[in-house]
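Could you build the full structure based on these sequences and the hints that come with them?
Residue numbers (my numbering), protein chains in the order written: chain A, 1 to 537; chain B, 1 to 202.
Keep in mind that the hints were calculated from the coordinates and are not lab data.
A few of these clues could be false.
Here's a subset of chain B near chain A, in silico, CB distances under 10 Å, partners left out [unchecked claim]: (1) Gly14; (2) Phe42; (3) Gln44; (4) Gly47; (5) Phe49; (6) Glu52; (7) Met95.
Label pairs and their in silico Cβ distance ranges [as the list claims (entries may be wrong)]: (8) A:Ala142 - B:Phe66: 32 to 40 Å; (9) B:Phe66 - A:Phe211: 39 to 47 Å; (10) A:Pro214 - B:Glu65: 42 to 50 Å.
If we take Cβ atoms under 10 Å as the criterion, some of the chain B residues that face chain A in the derived model are [what the hints assert, rightly or not]: (11) Ala18; (12) Leu21; (13) Pro24; (14) Trp37; (15) Tyr41; (16) Val53; (17) Tyr54; (18) Pro56; (19) Tyr58; (20) Val85; (21) Val105.
All C-beta atoms, glycine included, are put in the ideal place defined by N, C-alpha and C.
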Amino acid sequence: MVSSQTTTQSPSVQSQSAATMAPNSPVPSAAVPAATDTQPPVPSPSEIDFSCRLPLLVLFLSGAVWLLIASAFALIGSIKFHAPDFLAGTPWLTYGRVRPAFIDSLLYGFCIQAGLGVSLWLLARLGQTRLNRRWAVTAGAAVWNLGLTIGVVGILWGDSSGFAGFEIPRYAIPLMFMGYVMLAFGSVVVFNQRRRRELFVSEWFLLAALFWFPWILSTAALLLDASPVRGVVQAIISWWYSSNLQTVWLGLVGLAAVFYMLPKLLARPLHTRYLALFTFWTLILFGTWTGVPASAPVPAWIPALSTAATVLTLLTIIAVAVSFYQTACDRSADALVRSSDQPAVKAQARTRTSALLSSPERLALWFVTWGVLGFIVAGVMRVLSTLPGLSETLGLTWFTPAQSMLNLYGFFSLVMFGAIYHILPGVIGIQFPSTRRVRAHFWLALSGIALVVLPLAGAGILEGVELQNPARAFVEISSATLPFLRVSTLGDLVIAAGHVLFSWTLAELVLKCYRARAVSAYKTATADLFHPVEVKS
Amino acid sequence: MPEPIQPTPIAETGEPQASQLAMPVWLLVLMFLLLYWGMVYFDQHSGWFNTEVYVPYYSLAEVQEFQPPTGGVDLQRGKALFDNVCALCHNPDGMGKPGQAPPFVGSEWVVGPPSRLIRIPLVGLTGPVSVKGQVFTFAASMPPMGASFSNDDLAAVLSYMRQSWGNKAPPVTSDEVKAVRAQIGNRAQPWTPQELMQIPAK
Numbered sequence: 001m002v003s004s005q006t007t008t009q010s011p012s013v014q015s016q017s018a019a020t021m022a023p024n025s026p027v028p029s030a031a032v033p034a035a036t037d038t039q040p041p042v043p044s045p046s047e048i049d050f051s052c053r054l055p056l057l058v059l060f061l062s063g064a065v066w067l068l069i070a071s072a073f074a075l076i077g078s079i080k081f082h083a084p085d086f087l088a089g090t091p092w093l094t095y096g097r098v099r100p101a102f103i104d105s106l107l108y109g110f111c112i113q114a115g116l117g118v119s120l121w122l123l124a125r126l127g128q129t130r131l132n133r134r135w136a137v138t139a140g141a142a143v144w145n146l147g148l149t150i151g152v153v154g155i156l157w158g159d160s161s162g163f164a165g166f167e168i169p170r171y172a173i174p175l176m177f178m179g180y181v182m183l184a185f186g187s188v189v190v191f192n193q194r195r196r197r198e199l200f201v202s203e204w205f206l207l208a209a210l211f212w213f214p215w216i217l218s219t220a221a222l223l224l225d226a227s228p229v230r231g232v233v234q235a236i237i238s239w240w241y242s243s244n245l246q247t248v249w250l251g252l253v254g255l256a257a258v259f260y261m262l263p264k265l266l267a268r269p270l271h272t273r274y275l276a277l278f279t280f281w282t283l284i285l286f287g288t289w290t291g292v293p294a295s296a297p298v299p300a301w302i303p304a305l306s307t308a309a310t311v312l313t314l315l316t317i318i319a320v321a322v323s324f325y326q327t328a329c330d331r332s333a334d335a336l337v338r339s340s341d342q343p344a345v346k347a348q349a350r351t352r353t354s355a356l357l358s359s360p361e362r363l364a365l366w367f368v369t370w371g372v373l374g375f376i377v378a379g380v381m382r383v384l385s386t387l388p389g390l391s392e393t394l395g396l397t398w399f400t401p402a403q404s405m406l407n408l409y410g411f412f413s414l415v416m417f418g419a420i421y422h423i424l425p426g427v428i429g430i431q432f433p434s435t436r437r438v439r440a441h442f443w444l445a446l447s448g449i450a451l452v453v454l455p456l457a458g459a460g461i462l463e464g465v466e467l468q469n470p471a472r473a474f475v476e477i478s479s480a481t482l483p484f485l486r487v488s489t490l491g492d493l494v495i496a497a498g499h500v501l502f503s504w505t506l507a508e509l510v511l512k513c514y515r516a517r518a519v520s521a522y523k524t525a526t527a528d529l530f531h532p533v534e535v536k537s
Numbered sequence: 001m002p003e004p005i006q007p008t009p010i011a012e013t014g015e016p017q018a019s020q021l022a023m024p025v026w027l028l029v030l031m032f033l034l035l036y037w038g039m040v041y042f043d044q045h046s047g048w049f050n051t052e053v054y055v056p057y058y059s060l061a062e063v064q065e066f067q068p069p070t071g072g073v074d075l076q077r078g079k080a081l082f083d084n085v086c087a088l089c090h091n092p093d094g095m096g097k098p099g100q101a102p103p104f105v106g107s108e109w110v111v112g113p114p115s116r117l118i119r120i121p122l123v124g125l126t127g128p129v130s131v132k133g134q135v136f137t138f139a140a141s142m143p144p145m146g147a148s149f150s151n152d153d154l155a156a157v158l159s160y161m162r163q164s165w166g167n168k169a170p171p172v173t174s175d176e177v178k179a180v181r182a183q184i185g186n187r188a189q190p191w192t193p194q195e196l197m198q199i200p201a202k
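The following block contains the structure:
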């Protein structure tokens, strides 16, 4: 369906393309002669950016706040492993409530919110469309945040639904669903009104993701909350929902951002459209069947299907790796560009190479690059933990949380940080106040993720191997993982420090923007006090 | 104030492009190889959508191998019943308890004619009783412990006794138990060993 759309162009667009000479040329600015029909001129990139400012700032800022909240819960939960008495007297801060509150704040508060913001901006930019419904989208963000706040407070209150990754109590789900629909509706309208009809790779991914989430959320809400299915089917639906959110949805949005940022920041064409198409179809066809653990106590065909599908997601991982390598590392790509007969591509390559990247953009590229590596490693870990022969060892150990943390932090969050650092200056119209702080955030994020994921993976392998030995007591094995858990607590602390820097940068940028606007508005409003304008009769 | 008066557009070049090069063929080959592997894996591990097949079993045949047999004598059930009921007096190892119950190991009553053995649990036995030449006397007679057992269960317990602890006698069938039950009728008086010896060995 998507591929057929990419090749069709409506007649009016073809005439417009003819007017702008090259369909693949850089975004035409407002100065480019308009099409022959009555359509208004194509908006310039900065016009598009400014039109998205309000919803993007609300989404990114509230995402940053949720990130801080998530970090606090993560730290509390992590400390409890080696200091069980810590906050043990406070019911709402016990591990069983803090841990789901952490995961849901990170997943629904930051990941989905940042993902929706980045989607909106990407669709507006790639479609060369202004966002006309910014109040509806902003209201959607507010409703989503209200629902999530009620949900997380409900979890702390003790109302968790008990399904991993879907702990939000049932009374908060309708609000979140409504908020999402309002947000996604804005993005779909932007997509529908796009001026550049030809689709770029990222737009397939984003459009699929926009519709994917309401589908899985409504299915989970109907079958787990509204009229719960019986017994073991609940567990199957919960696994299905959780892996569709964390593998497919995060994969779609994260890869859309990667496929946009990589070629843009490197000033090279993405390698290649067909590889990206392959990535897209393998991700949604095979990714959606994954998530049921190999040892699940359900009829054997379900874990067998899930294992086969998980192994097939290797194709997605390999395709992304090849795409990334060919785009970013292979020098022959440059030679190819030079020999290209498309003047636009050649011109782009001449004017901008990665060496000319400004400092903040290079940092954004770093975030995205490490995010891609996180995607690859997390994907391989997912395959390993489901492979027959290994799943018996790695299942039900710390290896699973390590994989999930790497996917959430090491892949998706890193890509989102890169995208936000790339998007924000343009949206606000102000360069970064401090690239040093962004750099510090990068290193803190990277080392924090390493300090969380590596020890947990190590602890998981140790635990899995030792659990095969009947001579060792379970308690003994559990306490052998304590040193690893201590290091991971340190990692949580480092990640939290990075998040503080991220939120600080965002808050400072936003404050600067609105102060500048206030100053300017004040000057305009009071201009005639200082330089009275003669009133013409 | 050093701030810019108005947020200014930040210069930026065009939107990214994707090259139209063909994707590598080996990736497609790999896809078909993995799909083939997936089919084989699913064939071997799915139990073909049978809802009775759970991990760690992968086929219905494997599961059925571990099901209790429906016909014949179930020695595992016999052992479970023996350990729960008979072993209270006769001991799990079948050695009996002094002053309470005679041993079963090598006992001519146990490995002897089923027609006599089956009668004992159905209405009980009162001593003294001689086992392997040794005479055992007890304060109380054996109650009809097996009267409430089904024919299958009683056959299972007795077969277990006849084939455990070194005993090697053919199993007792459920039909034999049924026939003996019919012969006894309403008798509630425990057997004496002398009475039992009158019963033909068949």
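Tested hints:
1. Interface restraint check for B:Gly14: the shortest CB-CB distance to chain A comes to about 2 Å, inside 10 Å, so the restraint holds.
2. With 10 Å as the threshold, the beta carbon of B:Phe42 comes within range of chain A, its nearest partner Cβ sitting at about 5 Å, so the hint holds.
3. Interface hint status for B:Gln44: upheld, as the beta-carbon distance to the closest one in chain A is roughly 8 Å, under 10 Å.
4. Checking B:Gly47 against chain A by beta carbon gives a least distance of about 5 Å; that is within 10 Å, so the hint holds.
5. With a cut of 10 Å, the hint placing B:Phe49 at the interface with chain A holds, because the nearest CB-to-CB distance is about 5 Å.
6. The beta carbon of B:Glu52 is positioned within 10 Å of a beta carbon in chain A (closest approach about 8 Å), and the interface hint is therefore held.
7. Because the beta carbon of B:Met95 sits about 31 Å from the nearest beta carbon in chain A, more than 10 Å, this interface hint is broken.
8. A hinted range of 32 to 40 Å for the beta carbons of A:Ala142 and B:Phe66 is inconsistent with their spacing of about 58 Å.
9. At roughly 46 Å, the beta carbons of B:Phe66 and A:Phe211 sit within the given window of 39 to 47 Å.
10. Checked against the hint of 42 to 50 Å, the pair A:Pro214 and B:Glu65 passes, with Cβ atoms roughly 47 Å apart.
11. Interface hint status for B:Ala18: upheld, as the beta-carbon distance to the closest one in chain A is roughly 4 Å, under 10 Å.
12. Against a cut-off of 10 Å between C-beta atoms, the interface hint on B:Leu21 holds, since the closest Cβ of chain A lies about 4 Å away.
13. For B:Pro24, the interface hint holds, since its Cβ comes within 10 Å of a Cβ in chain A; the closest pair sits about 7 Å apart.
14. A least Cβ separation of about 7 Å between B:Trp37 and chain A falls short of the 10 Å threshold, and the interface hint therefore holds.
15. At its closest, the beta carbon of B:Tyr41 sits 5 Å from a beta carbon of chain A; the interface hint therefore holds under the 10 Å criterion.
16. For B:Val53, the interface hint holds, the least distance from its beta-carbon to any beta-carbon of chain A being 5 Å, beneath 10 Å.
17. Hint status for B:Tyr54 relative to chain A: holds, with the closest Cβ pair at about 6 Å, below 10 Å.
18. Below 10 Å, beta-carbon pairs count as interface contacts, and B:Pro56 has one with chain A at about 8 Å; its hint therefore holds.
19. A least Cβ separation of about 6 Å between B:Tyr58 and chain A falls short of the 10 Å threshold, and the interface hint therefore holds.
20. A distance limit of 10 Å between C-beta atoms decides the matter here; for B:Val85 the minimum to chain A is near 32 Å, and the interface restraint is violated.
21. Here the hint on B:Val105 is broken, as its CB sits about 33 Å from the closest CB of chain A, past 10 Å.
In this structure, the earlier hints numbered 7, 8, 20, 21 are contradicted, and the remaining ones agree with it.
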